[in-house]
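**Student:** Read off the chains here:
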Amino acid sequence: MFELQNIEKRYTGVHVLKGVDFRIDDGEIIGLVGENGAGKSTLMKIIYGAVQQDGGTIQVDGETVTFRTPRDAMKMGVGMVYQEQSLIPNLTVMENIFLGFEKPFVRFGAIRWKKMAEAARVQLAKVGLDIDPATITSRLTFAQRQLVELAKVLALEERVEGKLVILLDEPTSVLSRDEIELLFSVVRALRRRASFIFVSHRLDEILALSDRIYVLKDGAVVDVMTAKDASIATIQKEMVGRDISNEYYREDRQIPYDENKVLLELDHVGVAGRGNDVSLRLHAGEVLALVGVEGSGREPILRTIFGMLRPDRGTLRIRGKPVRSFSPSHSVAHGIGYIPRERKIEGIASGMNVFENMTLSQMKNYTKGSVLNISAERKLAREWIGKLSIKVPSEYADCGNLSGGNQQKVVLAKWRSGGSDIILLDHPTRGLDIGAKEDVYAMIRDMSADGVGIILIADTLEEAIGLSHTIAVIKDGDIKKWFNCQPGAKPSLYNLIQHMV
Amino acid sequence: MLLLVGLRDINFLSPQNLVTLVADVVPLLIMATGMTFVIYIGGIDLSSQSIANMATVLATISLPALGVGSALLVIAAGLLFGAVSGVVTTRLKVPSFISTLAVGGIALSVGQYASGQQALHMDTEQRRHAFGWVTGQTAGIPHILVLALVIVAIAWFLQIRMLPGRTLKAIGAGEPVVVASGIRADRYKILAFALSGMFAAIAGLMFSIRLSGGSPTLAEGFLLPAIVAVLVGGTPLTGGVGGVLNTLIGTMIVAVVRASMLYFSIPATGQQIFFGLVLIVAIATTIDRSKMKVVK
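Just so you know, the sequences run in chain order A and B. Using this note's numbering, you'd call the opening residue of the first sequence number 434 and step up by one each time. Using this note's numbering, you'd call the opening residue of the second sequence number -19 and step up by one each time.
Don't take every hint at face value.
[As the list claims (entries may be wrong)] Which residues of chain A face chain B? A few of them, derived with a C-beta cut under 7 Å, are:
1. D710
2. P761
3. S762
4. V765
5. Y771
[Unchecked claim] Computed footprint of chain B on chain A, listed as stretches where at least three residues anywhere in the stretch have a Cβ under 8 Å from a Cβ of chain B:
6. 777 to 783
7. 800 to 812
[What the hints assert, rightly or not] Per label pair, the in silico range of CB-to-CB distance:
8. R141/B x D651/A: 18 to 26 Å
9. V48/B x K820/A: 54 to 62 Å
10. S803/A x Q106/B: 36 to 44 Å
11. V539/A x G250/B: 47 to 55 Å
12. V48/B x S803/A: 23 to 31 Å
13. P(-5)/B x Y444/A: 30 to 38 Å
14. I86/B x A882/A: 56 to 64 Å
15. L532/A x A133/B: 49 to 57 Å
16. S803/A x H109/B: 30 to 38 Å
17. G533/A x Q252/B: 50 to 58 Å
18. Q252/B x Y444/A: 53 to 61 Å
19. R141/B x A705/A: 34 to 42 Å
Hints listed in this document are in silico derivations from the structure and should not be mistaken for laboratory results. Built from N, CA and C at the ideal position, the CB exists for glycine as well.
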């Protein structure tokens, strides 16, 4: 049994954890949910020893322990499966599994690889992975690597007394549905060896896998429920502290698009190096969702439209005019805006303030003979801060310090204020909490009403169904099936999944 | 530091001495200002010193034939060498510390070849005719200092108020954002290197005029103080923050330290030890670790 009592943590004045009690029994699977900033990641870091608590105690089987480093925690049987995988790609699977714990295999200073391979095979068998332990890790699929990571943590079992506690941090975010099922069945099968703490934004998965669910809000545990008594709606309500409207995706505001006005057309376009053939039309006011499993080829289509990739063949027409030169600067000049998946890498320049970020794509409109008109830039920023209710102290605030939702609003404002009317949204709500998601959905409806055409790669299928007018199901780079998505006649998850896999 | 040295020798603080101190630092200031642009985008320019060396030689050689036009030749040469570094870095994707090191090697060689490996001297009359306005003084203030401040002011305006400056800042803050905003980032990166090369050449030109001659090793020992000036001023190697004004302050710090060391009669050869140490401390304390997770 693993127990946290009255855990307190402050970071330079911010009270992150306020007396958290947390208990996990042997063989239990605990779901841990909460909005961004609720304190989930700090709590996890305390559990696996990356951060030390300011107050409260950690007990393993009734004994108080102190974790100064993750290695201390590992010695007590607490292991972490990282969201951004921690395996080193150019090492072999077995080297990764025993990284830092090679000692049992060393004789006269040299590692006995056969012995290590044997031991690695034992660990891989626990997760049902039948691969050669000498495989270079980068050759594995993402899902396989996730399992290797799990096997790596399970290898602790032989080194510690008592049961293991394994943390799974958003393990499903980059897996396909099949792979998620596989992971879940592995986790369930491992219950007699270990207990699990499962952190995810996807509440349906939390419900499917966990025994009990801890809901964290503003640094405190607001509720502990048994999964069989809980529903997505009740968890959401606890997380946000209020009822989520039934009109989550603002379907009431979905209005038909303008069929006569084609903004963007792909005519038998082959995405570079994929040998596929994509044709689609985007109309003014339309939300077109590209749906498919991870790696099905949705992103390359978006990147081709934005000019980051040059198509092998076919024609791309913007407002009827064929595109000849492919570059982001050409696309931006023709009214395309791209809201990338990696918000912190491609979306927001941290270290730059709000107006500098907003005008980045349209600086020419704010210069005279190359000299910037900063007062006009600030005016624009203030206007959009008001319009999208962006929470910032002023237009001089560093965008790197804003919350994810506010950063996303700045990126949206950047394109909308520049007059872009073809907007490419790549996972626009990724990592946002529920309140911020609702804001983004409302903005999407606003843009549609203004006659903007939107191509969307949604974070979840529900989101794609809820938001879009049209859905294109993509598999292996090609569009396999089109769905019409009028309110009241939307396809079901089942309809879509059939064509995805 | 100024006061400390002033206590030892009150002459150190005399206005005349301070003006000379500042005027002496002009070539370094201009070189560091140019270097600021490259460091601002997160790169480094190791060719500055060699380009300045080359500039002293080219200026001296071309003075008899071109007169004041030799300045233009030298500036164009610096711009060209800098631009080559930029093209190599962006198009061939060679890290800037290697590309500028290589271009610096070429520049050094050009200087050696053109000078025949020896120190050259300007004809006094020709120098006075072409560049007398640079070496003169008005009311005790050397013209060269005014000129340097004008150059720094232009660089500063370019950095904070003009489109290229904003773009360079954004590249330093996060280049993928710039590309995803539809800006041709490579062009601006080449511009940063070209500016750095041009400023290095102007620095060499100033030095050459002051010393009335040129040699392929004249500007030796400039590179380290120039980098120190930029970093101590507050433009970290990872880029995105700081700028030209910071470098102005950084150069002043370097100038005071250098002059103080002279007063404490630390030989010039020993100064580099100090600047090397300061550089390490400056980098270690200013670098933005979030942008550099792994250091190799």
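**Student:** Looking back at the numbered hints, which does the structure fail to meet, lowest number first?
**Tutor:** Those not satisfied are hints 1, 8, 13, 17, 18.
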